[in-house]
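*Asks:* Sequence lines, in order, name chains A, B and C. Under the numbering used here, think of the first position of the first sequence as 1, with each following residue one higher. Under the numbering used here, think of the first position of the second sequence as 1, with each following residue one higher. Under the numbering used here, think of the first position of the third sequence as 1, with each following residue one higher.
One should not assume that every hint holds.
[Said to hold, decoys possible] Lysine to aspartate or glutamate pairs mimicking EDC-like chemistry, simulated, CA-CA at most 16 Å apart:
1. C:Lys17 x C:Glu51
2. C:Lys28 x C:Glu11
3. C:Lys144 x C:Asp122
4. C:Lys188 x A:Asp104
5. C:Lys176 x B:Asp112
6. A:Lys60 x B:Glu85
7. A:Lys7 x A:Glu106
8. B:Lys27 x A:Asp52
9. A:Lys111 x C:Glu192
[Claimed, not checked] Computed list of chain A residues with no C-beta within reach of chain B, every gap over 10 Å:
10. Ile5
11. Glu10
12. Arg97
13. Leu109
14. Arg113
[Said to hold, decoys possible] Selected chain C positions facing chain A (Cβ under 7 Å, derived; list incomplete):
15. Leu183
16. Asn184
17. Arg190
18. Gln214
19. Ala218
20. Leu221
21. Gly223
I should point out that these hints are in silico values taken from the structure, not numbers from a laboratory. Beta carbons are placed, not taken as given, at the ideal position from N, Cα and C, and that holds for glycine.
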Amino acid sequence: MRIPILKLHEYLLITIQVEMDDQTALQFQEDLLNKIHDTGAKGVVIDLTSVDMIDSFIAKVLGDVVRMSKLMGAQVVLTGIQPAVAITLIDLGISMREVSTALDLEQGLDKLRLELEG
Amino acid sequence: MDIQSCVEVRNEWDIVSARQLGRNMAKELGFGNVDQARITTAISELARNIYLYAGRGKICIEPIDQLGRKGLRIVALDNGPGIREIRKVMEDGYTTSGGLGAGLPGVKRLMDEFSIESTVDVGTEISATKWLR
Amino acid sequence: MDNLIVQMINENQETLKNNWLKEVNLFKDKEIASYSTTLKLSEETDQQFFELLIKHINYHDISKDGTLDQFFDQVLHTGLPLKYLTQGLQIARRVILNMLVEAEMEQEKLAALYREIDSWLDPILNRVVENSSQIWERTVSIQKTALLELSAPLIPVFKNISVMPLIGSIDTERAKLIMENLLNGVIKYRSEVVLIDITGVPVVDTMVAHHIIQAADAVRLLGSTCILVGIRPEIAQTIVSLGIDLSLFPTKSTLQKGMENALEITNQQLISNE
Numbered sequence: 001m002r003i004p005i006l007k008l009h010e011y012l013l014i015t016i017q018v019e020m021d022d023q024t025a026l027q028f029q030e031d032l033l034n035k036i037h038d039t040g041a042k043g044v045v046i047d048l049t050s051v052d053m054i055d056s057f058i059a060k061v062l063g064d065v066v067r068m069s070k071l072m073g074a075q076v077v078l079t080g081i082q083p084a085v086a087i088t089l090i091d092l093g094i095s096m097r098e099v100s101t102a103l104d105l106e107q108g109l110d111k112l113r114l115e116l117e118g
Numbered sequence: 001m002d003i004q005s006c007v008e009v010r011n012e013w014d015i016v017s018a019r020q021l022g023r024n025m026a027k028e029l030g031f032g033n034v035d036q037a038r039i040t041t042a043i044s045e046l047a048r049n050i051y052l053y054a055g056r057g058k059i060c061i062e063p064i065d066q067l068g069r070k071g072l073r074i075v076a077l078d079n080g081p082g083i084r085e086i087r088k089v090m091e092d093g094y095t096t097s098g099g100l101g102a103g104l105p106g107v108k109r110l111m112d113e114f115s116i117e118s119t120v121d122v123g124t125e126i127s128a129t130k131w132l133r
Numbered sequence: 001m002d003n004l005i006v007q008m009i010n011e012n013q014e015t016l017k018n019n020w021l022k023e024v025n026l027f028k029d030k031e032i033a034s035y036s037t038t039l040k041l042s043e044e045t046d047q048q049f050f051e052l053l054i055k056h057i058n059y060h061d062i063s064k065d066g067t068l069d070q071f072f073d074q075v076l077h078t079g080l081p082l083k084y085l086t087q088g089l090q091i092a093r094r095v096i097l098n099m100l101v102e103a104e105m106e107q108e109k110l111a112a113l114y115r116e117i118d119s120w121l122d123p124i125l126n127r128v129v130e131n132s133s134q135i136w137e138r139t140v141s142i143q144k145t146a147l148l149e150l151s152a153p154l155i156p157v158f159k160n161i162s163v164m165p166l167i168g169s170i171d172t173e174r175a176k177l178i179m180e181n182l183l184n185g186v187i188k189y190r191s192e193v194v195l196i197d198i199t200g201v202p203v204v205d206t207m208v209a210h211h212i213i214q215a216a217d218a219v220r221l222l223g224s225t226c227i228l229v230g231i232r233p234e235i236a237q238t239i240v241s242l243g244i245d246l247s248l249f250p251t252k253s254t255l256q257k258g259m260e261n262a263l264e265i266t267n268q269q270l271i272s273n274e
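Start from the sequences, fold in the hints, and give me the full structure.
*Replies:* Next comes the structure, spelled out in structure tokens:
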């Protein structure tokens, strides 16, 4: 299973809408880094509105993706994390403080624009 | 509803089926959506531990009713190498697999009750309960 | 129930009633008068109480027609103390036993009648206690829910800015509720900034601070910013002396300062019309 990555000007947009197994998560990591390399994207928005569970493995993959993308010159914003998901992450002791977040896709794009231009 | 359901954990996809089973049972028992997420996440952590450290094992989920108090219990069983230093694995940030080290202490925080029994070279049994509020 | 007692009770009803009323009044003067003056401890209630008891002795069944239960409920709902009912029943036991003793019958017979009376009165007593504890439990659970509902409202103030005023002490259960209300509210009102006002929280210890930090972290995961306001001097002192690190998110001394900060973050301004 592969998660589709859309390109919009200099940004990449990903909406995760499947229940992610470990393999899908790792495949996504690889695909995204390749896409950043190919397109020279400056910003990435990963929308998690439909994701109803993030365990420590997926959290680690997401955190890694953010750091790796940064190394390649792309800012990542995670958007749409649901309250129940946020609460379980906090219970797990994962606060992802170094990761940039926004309420939804739209605000995520605004945030990227602000960070990249301002 | 009072029969326990088990999922064999042998590969990564079994982790997904274990947590789907858990979510369905939690929903059926009437847990709110935050507790459903807590239960699903706890199952995911336990199933992944089995897959990573024991290779195979099983996750059993059962509704419980103690003196009218309803809840859901997750039991994770394996015949793997066992855990040498239980105190260490219950510390935040301790990991031997390169993960976040949030697994077991995280499960303990996600659930209301937690117990672990492990014998080196014999296996591990972890039981965790969430009560219906 | 032994017909002999029923008969004796019926025959001596007037004496029993007078003795009972006398003792009940003594008890009321001593115990309940100080309880509350607004309570209606009318003679009528006493009369009704005794008559219902006699009526149910004749029925041989305490739950028959439910009037006794109804009376107990009514008494408890008017706020009369439970001990009025329990004492009333104990006094009834005493006056009936006195009557039997005065009747001068054989020891064995007397003992049997004692047991008879106990077996008749005990279920009533149990019923009263049961009813009243049910009423209590219900009241407590209603109040608990009401308190929880009250305890953490998220109020949208300006576009994309909400405030959660916290009042009273924060325990783990309440912290969970605060977290859920806070996060659901952030989504519902699309709040880019939430101000948590702890002016009304009497003590901020390590645990309370931990809960607040977790809430702020969760708010951040959702993509919103949390500003902690209402930090009084003594709270600032305890936070620092306990070694709690709140530097990860913005804090302000007053709600007003926090609001100015929130308007700045959301690119809004208050313009005076003067």
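*Asks:* Each hint should be assessed against the structure and marked as holding or not.
*Replies:* Now for the hints, and whether the structure bears them out:
1. Distance restraint check for Lys17 of chain C and Glu51 of chain C: the Cα-Cα separation of roughly 9 Å lies within the 16 Å cut-off, and the hinted pair is therefore satisfied.
2. Between Lys28 of chain C and Glu11 of chain C the alpha-carbon distance is near 27 Å, which puts this suggested pair outside the 16 Å criterion.
3. For the hint pairing Lys144 of chain C with Asp122 of chain C, the CA-to-CA distance comes to about 32 Å; that exceeds 16 Å, so the pair is violated.
4. The hinted pair formed by Lys188 of chain C and Asp104 of chain A meets the criterion: a straight-line CA distance of about 12 Å does not exceed 16 Å.
5. Distance hint between Lys176 of chain C and Asp112 of chain B is fulfilled; the C-alpha atoms sit about 13 Å from each other, no more than 16 Å.
6. Proposed proximity of Lys60 of chain A and Glu85 of chain B is contradicted: the alpha carbons are some 24 Å apart, above 16 Å.
7. For the hint linking Lys7 of chain A to Glu106 of chain A, the alpha-carbon distance of about 15 Å falls within 16 Å, and the restraint holds.
8. Distance restraint check for Lys27 of chain B and Asp52 of chain A: the Cα-Cα separation of roughly 13 Å lies within the 16 Å cut-off, and the hinted pair is therefore satisfied.
9. The suggested pairing of Lys111 of chain A with Glu192 of chain C holds, with an alpha-carbon distance near 12 Å, which does not exceed 16 Å.
10. With a least beta-carbon separation of about 22 Å from chain B, Ile5 of chain A lies farther than 10 Å from that chain, consistent with its non-interface assignment.
11. Every CB of chain B is more than 10 Å from the CB of Glu10 of chain A (nearest about 31 Å), matching its label as outside the interface.
12. With a closest Cβ-Cβ approach of about 13 Å to chain B, Arg97 of chain A is found to remain outside the 10 Å limit, as its non-interface label requires.
13. Residue-level check passed: Leu109 of chain A sits 27 Å from the nearest beta carbon of chain B, beyond 10 Å.
14. Every Cβ of chain B is farther than 10 Å from the Cβ of Arg113 of chain A; the closest lies at roughly 31 Å, confirming the non-interface assignment.
15. Annotation: Leu183 of chain C was flagged as interfacial toward chain A, and the flag holds, the nearest CB pair being 3 Å apart, inside 7 Å.
16. The beta carbon of Asn184 of chain C comes within 5 Å of a beta carbon in chain A, closer than 7 Å, and the hint placing it at the interface holds.
17. At a threshold of 7 Å, the smallest CB-CB gap from Arg190 of chain C to chain A is about 6 Å, leaving the interface hint in force.
18. This hint holds: Gln214 of chain C has a C-beta 5 Å from the nearest C-beta of chain A, less than the 7 Å allowed.
19. Proximity of Ala218 of chain C to chain A holds as hinted, the smallest CB-CB distance being about 4 Å (cut-off 7 Å).
20. For Leu221 of chain C, the suggested interface contact is upheld, since its CB lies about 4 Å from the closest CB of chain A, less than 7 Å.
21. Because the closest C-beta pair between Gly223 of chain C and chain A is about 4 Å apart, less than 7 Å, the hint holds.
When held up to the earlier numbered hints, the structure conflicts with 2, 3 and 6 and fits the remainder.
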